[in-house]
Every structure is written in C-alpha cells, then in structure tokens.
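Okay, here's what each chain looks like letter by letter:
2 protein chains.
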Amino acid sequence: MGLKVYVDRLSQPSRAVLIFCKINGIDFEEIRVDIMKNKHFSPEYKAINPMSQVPAIVDGRFKLFESHAILIYLCSAFPGVASHWYPGDLFKRSKIHSVLDWHHSNLRRGTVGLVFNSIIGPQNGFPSNAQAAKEGEKLLMKSLAKLENFWLKDGRFLVGSLQPSIADISLVCEIMQLELLSEKDHERILSPYKKVVQWIEDTKKATAPHFDEVHDILFRAQKRFRERMATESVKNELKSKL
Amino acid sequence: MGLKVYVDRLSQPSRAVLIFCKINGIDFEEIRVDIMKNKHFSPEYKAINPMSQVPAIVDGRFKLFESHAILIYLCSAFPGVASHWYPGDLFKRSKIHSVLDWHHSNLRRGTVGLVFNSIIGPQNGFPSNAQAAKEGEKLLMKSLAKLENFWLKDGRFLVGSLQPSIADISLVCEIMQLELLSEKDHERILSPYKKVVQWIEDTKKATAPHFDEVHDILFRAQKRFRERMATESVKNELKSKL
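The listed protein sequences derive, respectively, from chains A and B. Each step along the first sequence adds one to the number in my numbering, with nothing skipped, and position 212 is 212. One gets my numbering by counting positions in the second sequence from 1 and adding 242 to each.
It is worth saying that the hints were derived from the structure and are not from the lab. Keep in mind it's a predicted model, so treat the numbers as computed, not measured. Mixed in with the good hints there might be a few duds.
As the list claims (entries may be wrong) - In the BS3-like style, the derived pairs of lysine-lysine whose C-alpha atoms are separated by at most 27 Å in a straight line are:
| hint | chain 1 | residue 1 | chain 2 | residue 2 |
| --- | --- | --- | --- | --- |
| 1 | B | K288 | A | K46 |
| 2 | A | K134 | B | K376 |
| 3 | A | K63 | B | K384 |
| 4 | B | K395 | A | K63 |
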C-alpha cells in the first residue's frame, strides 16, 4: 500500500506537500478533498484527519496531518530525498524548525486573514469582514518585512541556505495565495520586498516544472476572481452615475 | 560558554523550556526578559531574538527562538535527555510534530485570545476587546474537546504515549495560563474535560517539583488579578445600589 496524499490544490499547505513529493520523485496517489464542496467534513475524511483540514497523508497503516509534520516525515521516510530539504546538521535543522514555527503565527495568519476576508470569503457567500482583512494585511506586511530583513538576509533561501529546504516550499506556497488578490493589491503588497520577490522566483525555479503545474488551479481561480471584480467595479461605476 | 535561556515566567512557552531544562538536569543560566517592562523590545534582546518574543536561547555561538524548535534542539544537543521526550522512532516523532504544529493555530490562539483580551490586557491598561475574548474562548473550547477526544484518547499523555514528551510540557504550560481567569471561569471551561484535567495532573507529577516552582509567578499573578476583580465587583455592586 503506497503513499496517499489528501489535498485540495487551492490550499497552500496542500500544494507544498504535492510539490515536495513531485520534485523528489516520491511515488504517491493524489486524492482530492474538495473543500469548496465541504468534502473535508465528510465522515470518510474525518477518519483520516479528524481536524477536517488538508493536507493529510496515509502511508501504509500510518496517518498524519499538519503540513510541516508531513514534510518532515517524508524527508525521513523516503531515502531518496536530498539532505538540503531537511538537513541532518543540528544547527541548520533547528533553524528550519524555528522558521516553520514562526510561519504558523505570522506569515500564515497574515495571508489567510487577508485573502480569506477580502477575497475567498466574500466571493463564496460569507459576510465580508473588513476589520479582519485589515488586521491580516498588517500582520502580513510585518511578516514580509521579517522575511526580507531577517530570514532571507544571509542567503538565497531561508535561514542562510544555498539550496531550498522544506521551509522554502512551505512559505513560498503561502505567499502564492496572494495571487488571488487584485493585480494592484498584489503589486502594492509584494513589490517593496525585493529579496522576497527574488526568493519566490528562485524557489519556483528550483522546483520547476512542478511548481507551476501544481499552482495552475490558483491562476484559474485568480482569473475568475479578477473577472468578477472587474464586472463588479463596472457595475458600481454605472450605479454611481445613475 | 554554557546555555543561556531568555525567559519571562509569565509566558507559557518560557515556562515550558525552563521546566524541560530543570527536569532533564540541563545546566543553564536563566535570564529574565521582563515583558511587562517591554524588555523584549530592547536593542540588546533584539540582537538575540529580532522577533522580540520569549523564550530564546543562546548556546555558545548558536542562537535560537520559537519554543518548540528550542525544545527539539535541547533534546538533540544534550545527550542526557531520555528518549520519551522526543522519540527517535519516526512514527512517534512525526505525531509529536503534528500535535506541536496543531498547537500553534488552535490551543495557543484560543488561550492567548481569551486570557489576553479578558484579563491581561484590561488589567494592564489595554482597551478590553470582548469580541476577541469571545472568539478566543470558542477556539479554546474546540481545542480542549480535540485534546479530550483525539489527542488524549490512546494514553495518559499526548499521541498515545505512556511517558511525557516535549508536547505535553508545551501544551500543559499553555493551558496553565487559564489560571489567570476567575475561579468560576476556570472551572466552567476546564471541568467538562476530565481527561484533560487528569493529563494536566499527570504532567505536573512527571515534572515535579519543577512544574510548581516555575509556575509560582503565575499563581502570584492570579492572586493579584482575582483580588482586583473582587474589589471591582464590590465597587460595581455598590454603584448599582446608589
């Protein structure tokens, strides 16, 4: 019984796990858990992950959820994975744990807070929450500044590495969620952080062609969202003229 | 140059690291970073942890922050640490990573949201935020239910362990922060979760006498907060009679 990976490619940690498996030639079966159709709340999926979140894996008799834990597990369970993804060196490994832990309460909370409350929620019938979106953006900007000035200060990749680790895939996939914003907002938020922008490009290149392939769904969602936003904007302009 | 541990014992992850060092006989110097006096924002401390949070460690030339990363580092860097704290077995270790990751976005956010917004903030001159406190409590209750019915379902300690791991110390220290609530709220929130209450006791016993010693500051803060709350309640009662 091989590795099964339960994901929705619209979820950033799902994409991180998929890209990691693909770039490392890990043999796996991708099983889609459509979160827009609430499949993560189904009894079948709850038997795999009682927290009703994606991603999760089943490897033989072993079940695991939480994307960072999954990425670390895969590095250890599959002998073909190059050591730069999760170095054996105690100091390097500890720094990777540190940035992954930091991610939870900073970059992730900021991105999710902004993108959900300003785009995904309102576009899917949830009441919009401008205050929550604003707080998310504030935390996101603070996190991007820390990436620029601290986490990326010593090398092309996080924590001074010359080659990508699981942390680079995880955090870059998080930031990619900002593609769902309007072009103007995306530019306004990301462009001040030159090192961050370069690092995203470097991580894309290091995981090509899988990075773009796995993100395809996100760009299709972006297109839909931006078209709807444009239509709404025209409607509002017309209204204001009546 | 030995291990230096930068903490404020009022911070739950600081207490987790201190208790871990003490129970494992790790030789270290405790350096207090008084967060009530904003010492975590001082340039000296920012040179150790640019995120201005406690705890952090300096071990020789190596600096590290984020309490989970620190606990994992200590398990690997100090050979005397018993393996149950952070098992070498891939499956057990992965489950510990999973519960530690889960902690970030669930139990921790719930506890901090409730305790800061209902007690610590208002008692220290921050505007009270009833909505944030309510959301914190909701997430906390959901997290306690998951602890009771999932994480503690297979053993005395988390993820089916018979002996405590770093995750038990970390999560129990988090829950201890609820001691700052009124006696009535503390009872109302925790008492429905019998396994959780027993697990807290088991973790205290497994780390005695260090657990109580390190938490002493919390009980002193509790006494102050509860006395103030009692005085305010008497004042409000008198006002309502006037």
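Holds or violated: K288 (chain B) with K46 (chain A), Cα cutoff 27 Å? Given pair K288 (chain B), K46 (chain A) is violated - Cα atoms ~43 Å apart, limit 27 Å.
Exercise. Taken at face value, is the distance from the CA of K63 (chain A) to the CA of K395 (chain B) at most 27 Å?
Worked result: holds (16 Å)
Discussion item. Tell me if the straight-line CA distance from K134 (chain A) to K376 (chain B) falls inside 27 Å.
Written reply: holds (20 Å)
Against the 27 Å threshold, does the CA-CA distance of K63 (chain A) and K384 (chain B) hold or violate the hint?
Roughly 22 Å between the alpha carbons, so the hint for K63 (chain A) and K384 (chain B) holds.
Comparing the model with each numbered hint stated earlier shows that hint 1 is the single one that does not hold.
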